[in-house]
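> Each chain, letter by letter, is given below.
There are 2 protein chains.
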Amino acid sequence: MASRSAPPADVLVPPTGTQPASSSRLGASGRDVLLDAARELMIASGSSDVSLHAIARQAGVTAPLVKYYFGSKEGLLTALVEADTGKSLGQLQQLIELDISAAEKLKLHVTGIIRTYARHPYLNGLLNRLVRESGSERSDRIKANFVEPLIKAQRVIIEAGVAAGEFRPIDPNHAYFLIVGACQYLFATRVPFGNLMGGAPSDDAFVRSYTAAALDFIQRGLGVDPDRS
Amino acid sequence: MASRSAPPADVLVPPTGTQPASSSRLGASGRDVLLDAARELMIASGSSDVSLHAIARQAGVTAPLVKYYFGSKEGLLTALVEADTGKSLGQLQQLIELDISAAEKLKLHVTGIIRTYARHPYLNGLLNRLVRESGSERSDRIKANFVEPLIKAQRVIIEAGVAAGEFRPIDPNHAYFLIVGACQYLFATRVPFGNLMGGAPSDDAFVRSYTAAALDFIQRGLGVDPDRS
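Those sequence lines, one after another, are chains G and L. Count the first sequence with this note's numbering and you get residues 1 to 229, in order. Count the second sequence with this note's numbering and you get residues 1 to 229, in order.
FYI, nobody ran anything at the bench for these hints, they're computed from the structure. Heads up, a few of these hints could be off.
Identical copies look the same in the list; a pair holds intra-copy or inter-copy alike.
In silico DSBU-like pairs for lysine-lysine, Cα to Cα no more than 35 Å straight-line [unchecked claim]: (1) Lys67 x Lys107; (2) Lys152 x Lys73; (3) Lys152 x Lys87; (4) Lys152 x Lys107.
Required output: the full structure, derived from the provided sequences and hints.
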């Protein structure tokens, strides 16, 4: 493994003749430049399937920089998931400790999930890919750090709401797949299917109105009394 | 392109020393053997990302057979989508012409979507991949043949239900992503996340109970009066 005491001197210099989208951010740290480049590629392609070389090219740097900072592509992708979910998972932890009703927590939780997927539409596919393609130990660590906290926090909200009579009785494991599925599908398919429905999925106004539509759908699906949410 | 008058004589002979899962079906047509091999790989890995060589190996045949029958991997994957969705799309067309309530159509429709994804959990990822990776003309054909019929049929059901006062008012485009998202997410993530929740997603009983849970959730989400469905 390369020494980590200092980055190679030339790695932050973009190749001449190219004008990558990230070049204006080369003042930021090398790590952030590379994470942003990976995000841009995944958002544009609608897929988490990006190569290390494409990331380096998009960032306007040479490929060894990726290995210098992250060890491997897998290391970069794990850091990306960490950066993209860290704040939301922290807020979710604070949310479940608030002294408000379960229905109110559900509302903030669903809005947060959709905001996260709207910003990082590649996130679900990327997590699936990392869990599938990593060795079992690393795979378990990814699940423990990024997936289980969401499952556990949502379970607390659902169980409290059912116990309080705010939600109808429902298996929290079923609720997890129903809620997250309804929240994430638009964002998982928006790039390939953007020109269907007269182009609706490509329209940012559609995405904005989707948040309210999904919240209404999920609240009703859980039997929330509209006057209590 | 190879002549299509007859398959190469040796292609259906499995290599010695291997015992692929499909070998017992070598009596079936070569096309079906290859489609089944692709299905098995995608179901086991939880991903639509399979190589032409892996498909040939799984089928216990040589790689040229795939090109002989399907022209390319893309040709095989398109044939797979056609085989997996043809019957369901035909039934959906018959369903919307039935003289039953929109709520009853919704129930049959949702049950049909979940049955399709339970049998072919790779289907959504595969369609996204084909649309993303194909040339624009082929990509448009895939959308027109396999995605638009579902969107259109579901729109007819939703609009009829809203007009009859059976469903609450909802944008059919929003409804599409909410309903399909809730139906497909378990199946899209079941392999990588199977050992979460104490192993619930890996349990076939969980999958069976999910159909009823999703139907209830979606009916409530659309404001269906439980006595009318």
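> It remains to establish, for every hint, whether it holds in the given structure.
Here is what the structure says about each hint:
no. : hint            : result
1   : Lys67 x Lys107  : neither (41 Å within a copy, 52 Å between copies)
2   : Lys152 x Lys73  : within (29 Å within a copy, 41 Å between copies)
3   : Lys152 x Lys87  : within (16 Å within a copy, 39 Å between copies)
4   : Lys152 x Lys107 : both (17 Å within a copy, 31 Å between copies)
Violation of the numbered hints given earlier is confined to hint 1; every other hint is satisfied by the structure.
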